[in-house]
Amino acid sequence: GENVEQHPSTLSVQEGDSAVIKCTYSDSASNYFPWYKQELGKRPQLIIDIRSNVGEKKDQRIAVTLNKTAKHFSLHITETQPEDSAVYFCAAGGSNYKLTFGKGTLLTVNP
Amino acid sequence: EADIYQTPRYLVIGTGKKITLECSQTMGHDKMYWYQQDPGMELHLIHYSYGVNSTEKGDLSSESTVSRIRTEHFPLTLESARPSHTSQYLCASSATSAEKLFFGSGTQLSVL
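Heads up: the sequence lines are chains A and B, in that order.
Each residue of the first sequence is one higher than the one before, counting from 1 in my numbering.
Each residue of the second sequence is one higher than the one before, counting from 1001 in my numbering.
These are computed hints drawn from the structure, not numbers from a lab.
Incorrect hints may appear among the rest.
To be verified - Between beta-carbon pairs, the in silico distance windows are:
id : chain 1 : residue 1 : chain 2 : residue 2 : range
1  : A       : Ser52     : B       : Leu1112   : 42 to 50 Å
2  : B       : Pro1083   : A       : Lys42     : 21 to 29 Å
3  : B       : Gly1016   : A       : Asp59     : 45 to 53 Å
4  : B       : Lys1017   : A       : Glu79     : 28 to 36 Å
5  : A       : Pro82     : B       : Thr1065   : 41 to 49 Å
6  : A       : Asn67     : B       : Gly1016   : 49 to 57 Å
7  : B       : Glu1001   : A       : Asp59     : 33 to 41 Å
8  : B       : Tyr1010   : A       : Ser9      : 34 to 42 Å
9  : B       : Glu1001   : A       : Glu56     : 31 to 39 Å
10 : A       : Ala70     : B       : Gly1016   : 34 to 42 Å
11 : B       : Ser1110   : A       : Gln45     : 18 to 26 Å
Said to hold, decoys possible - Among chain A residues calculated to face chain B with C-beta under 8 Å, some are:
id : residue
12 : Val13
13 : Gly16
14 : Ala19
15 : Leu40
16 : Arg43
17 : Phe89
18 : Thr100
19 : Phe101
Because the structure is a prediction, the values reported are computed rather than measured.
We treat Cβ as the ideally placed atom computed from N, Cα and C, and that holds for glycine.
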């Protein structure tokens, strides 16, 4: 089955700095790569996703890049704000609509 | 408002009790999932369903069972709860032709 590795497990940045979280996956059949944000005590929510036919996708301050050859994808957050503090999960999935999640990254943005 | 609902939000029970965690969605989605989230944050798929009368075990072995008699309802049952079942249980759903998951607020289960 699919295996998703996520790094780092914790990340602390100063407000205004950029944050990068990286994931690798094992199954070359995976073609869908979402990122979820989970604030403390709340449900995970999708923030951005990318499909295998696209190399990069951007939505305001967040962007995701995908390298299918190397089987890795990354989340980039620019101009971080305190409200960006949360746990971020990457995931990989294929045509069976099952997602395998990474272990999560706790991002702390210090004012 | 279309949403996915889980009850109870918190549950503390004794060892050996039978419990059912409820999950209902008004999103009109065919696919539903149960994830177990451990204190270290990781999400593990324990059950999923692609439609009525369809249920499958996920990647993480679980002693729980599920049923899908109605499209909108996907309850999870533990016949005999044990302390190792202490965890947060998240229900999710997705549309027929899409992978985007919508999560419920979760049930935090504590077995004493």
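Quick rundown of the hints versus the structure:
Remark: the range hint 42 to 50 Å for Ser52 of chain A to Leu1112 of chain B is upheld by a beta-carbon distance near 46 Å. Between Pro1083 of chain B and Lys42 of chain A the Cβ separation comes to about 26 Å, which falls inside the hinted range of 21 to 29 Å. The hint said 45 to 53 Å for the Cβ distance between Gly1016 of chain B and Asp59 of chain A, and at roughly 48 Å that hint holds. A C-beta distance of roughly 49 Å is found between Lys1017 of chain B and Glu79 of chain A, which places it outside the suggested range of 28 to 36 Å.
Checked against the hint of 41 to 49 Å, the C-beta distance between Pro82 of chain A and Thr1065 of chain B comes to roughly 42 Å, which is consistent with it. Between Asn67 of chain A and Gly1016 of chain B the C-beta distance comes to about 50 Å, which sits within the given range of 49 to 57 Å. Restraint check, Glu1001 of chain B to Asp59 of chain A: a C-beta distance of roughly 24 Å breaks the suggested window 33 to 41 Å. About 27 Å separates the C-beta atoms of Tyr1010 of chain B and Ser9 of chain A, a value inconsistent with the hinted range of 34 to 42 Å.
The hint said 31 to 39 Å for the Cβ distance between Glu1001 of chain B and Glu56 of chain A, and at roughly 34 Å that hint holds. Range check, Ala70 of chain A to Gly1016 of chain B: about 49 Å between beta-carbon atoms, so the 34 to 42 Å window is missed. Separated by about 25 Å at the C-beta atoms, Ser1110 of chain B and Gln45 of chain A satisfy the suggested range of 18 to 26 Å. Interface restraint check: Val13 of chain A against chain B, minimum CB-CB distance 19 Å, threshold 8 Å, status violated.
Given hint, Gly16 of chain A at the interface with chain B, is violated; its Cβ is 26 Å from that chain's nearest Cβ, farther than 8 Å. Contact between Ala19 of chain A and chain B, as hinted, is not supported at the beta carbon level, the nearest pair being about 17 Å apart and thus beyond 8 Å. Checking Leu40 of chain A against chain B: minimum C-beta separation of about 11 Å lies over 8 Å; hint violated. The beta carbon of Arg43 of chain A is positioned within 8 Å of a beta carbon in chain B (closest approach about 4 Å), and the interface hint is therefore held.
Hint status for Phe89 of chain A: holds, given a least beta-carbon distance of 6 Å to chain B, under 8 Å. The interface hint given for Thr100 of chain A is met, as the beta carbon of that residue sits about 7 Å from the closest beta carbon of chain B, less than 8 Å. At a threshold of 8 Å, the smallest CB-CB gap from Phe101 of chain A to chain B is about 4 Å, leaving the interface hint in force.
The structure is inconsistent with the numbered hints 4, 7, 8, 10, 12, 13, 14 and 15, although it conforms to all the rest.
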